[in-house]
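Colleague: As a plain string of letters, each chain reads:
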Amino acid sequence: MSKMKDTSKKPETAKNTAMPTPKKNAKSTATRVTRMALMLSLALVLSVLEAWLLPQGILPIPGWKLGLANIAILVTMYSVGKGAALMVAVYRSLILLAFGGNIVGFGFSLVGGIVAGATMCILSERKRISIFGVSIAGAAMHAVGQILVALMFAKTIYILTYLPWLMVASAFAGGVIAFLSIPVIKALDHIGNEMIQ
Amino acid sequence: MPTKDGRLEASERMRRPPRRFRFLPGDLVIIAMILIFCVVFWVGIFLQGKYSEKKERYVRITQDGNLVLEIKLSLIREPVDYLIYGKDGNIVVHLSSDEVYIKESPCEDQICVKTGVLKKVGDGAVCLPNRVVVQIIGGEEDAGEVDAVAK
Numbered sequence: 001m002s003k004m005k006d007t008s009k010k011p012e013t014a015k016n017t018a019m020p021t022p023k024k025n026a027k028s029t030a031t032r033v034t035r036m037a038l039m040l041s042l043a044l045v046l047s048v049l050e051a052w053l054l055p056q057g058i059l060p061i062p063g064w065k066l067g068l069a070n071i072a073i074l075v076t077m078y079s080v081g082k083g084a085a086l087m088v089a090v091y092r093s094l095i096l097l098a099f100g101g102n103i104v105g106f107g108f109s110l111v112g113g114i115v116a117g118a119t120m121c122i123l124s125e126r127k128r129i130s131i132f133g134v135s136i137a138g139a140a141m142h143a144v145g146q147i148l149v150a151l152m153f154a155k156t157i158y159i160l161t162y163l164p165w166l167m168v169a170s171a172f173a174g175g176v177i178a179f180l181s182i183p184v185i186k187a188l189d190h191i192g193n194e195m196i197q
Numbered sequence: 198m199p200t201k202d203g204r205l206e207a208s209e210r211m212r213r214p215p216r217r218f219r220f221l222p223g224d225l226v227i228i229a230m231i232l233i234f235c236v237v238f239w240v241g242i243f244l245q246g247k248y249s250e251k252k253e254r255y256v257r258i259t260q261d262g263n264l265v266l267e268i269k270l271s272l273i274r275e276p277v278d279y280l281i282y283g284k285d286g287n288i289v290v291h292l293s294s295d296e297v298y299i300k301e302s303p304c305e306d307q308i309c310v311k312t313g314v315l316k317k318v319g320d321g322a323v324c325l326p327n328r329v330v331v332q333i334i335g336g337e338e339d340a341g342e343v344d345a346v347a348k
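Sequence order for the protein chains is H and B. No gaps in the numbering here: position 169 of the first sequence is 169 in my numbering, and each next residue is one more. In my numbering, each number is its position in the second sequence, counted from 1, plus 197.
Please keep in mind that the hints were generated in silico from the structure rather than gathered at the bench. Glycine is no exception: its CB is placed at the ideal position from the N, C-alpha and C atoms. Some hints here could point you the wrong way.
With the C-beta cut set under 7 angstroms, the calculated list includes, among others, these residues of chain H facing chain B [as the list claims (entries may be wrong)]:
#, residue
1, I129
2, A154
3, V168
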């Protein structure tokens, strides 16, 4: 039965590719899923790597991070899709929690990830905003999300005084992350095409 | 695939966005918005600090949103270390008539310890793992708020 369904679906996808304006790099579902999985694992590795390379102690602003894992999110967004990027962001938080994270860190990571992801999804469609603006705005909103979670945990309005510092530092980090993501996005395109051929 | 009425389907909307890898003017607008927001914030904090500078300084320590200690700094005769019992160990807060800081904390990140010395009204240190907040507040106006927090 399932085979029957599969065969019945195939003409539909063929129709999709034969649209009046076909996409340049129409990817199969397998490629999309593989890329998502690859990027999810990259996000996890980068999260761990960042904790090693830049321990909280040596950073000038407490709580600030470069957010290397955002490379994986950005790459997913531009080479798979926006929904996939949001999924990678959420799964990353869940898996980090499962592998010995604490619930406070999970709250920060999840809320920050969702707020930043939604911002990036919306802004990426704007005509005059490039990947830099998308990443910077995402990072700034990530800071806002984190401060909101901190407000919930600590229940003091004082934490708000810390927001502008974190926001400016995050925006800077966002620019760097966008710069680092571009070559990865281009490289991934290449790999995908080779595999299909 | 666009539907008959020209709108995009949900799955289509979640596809990957157009690629623009060059810096565009819209990016500058975003950066400017962030900076303006921060400057407004900073000015607000600064003005608030100016306003409360003349007031008497109090130190307030809260844990889980509950008031642990509140005392006028000028009442502290000689420096003391104040112990707060956290769930993983004790937090040591150094108190003196001039300055306050978190001396030791059982938490991993030690952000609260690295925040350093708190002197001015509005300064504060937060230990999120233990949900402890140490801050310097000013004036008598907060008296009402203290009761609210203590409840």
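Colleague: If a hint holds in the structure, say so; if it doesn't, say that too.
Modeller: Each hint tested on the structure:
1. I129: It holds, given that the least Cβ distance between H/I129 and chain B is near 4 angstroms, below 7 angstroms.
2. A154: holds (5 angstroms)
3. V168: holds (6 angstroms)
In the structure shown, no violation is registered for any of the earlier numbered hints.
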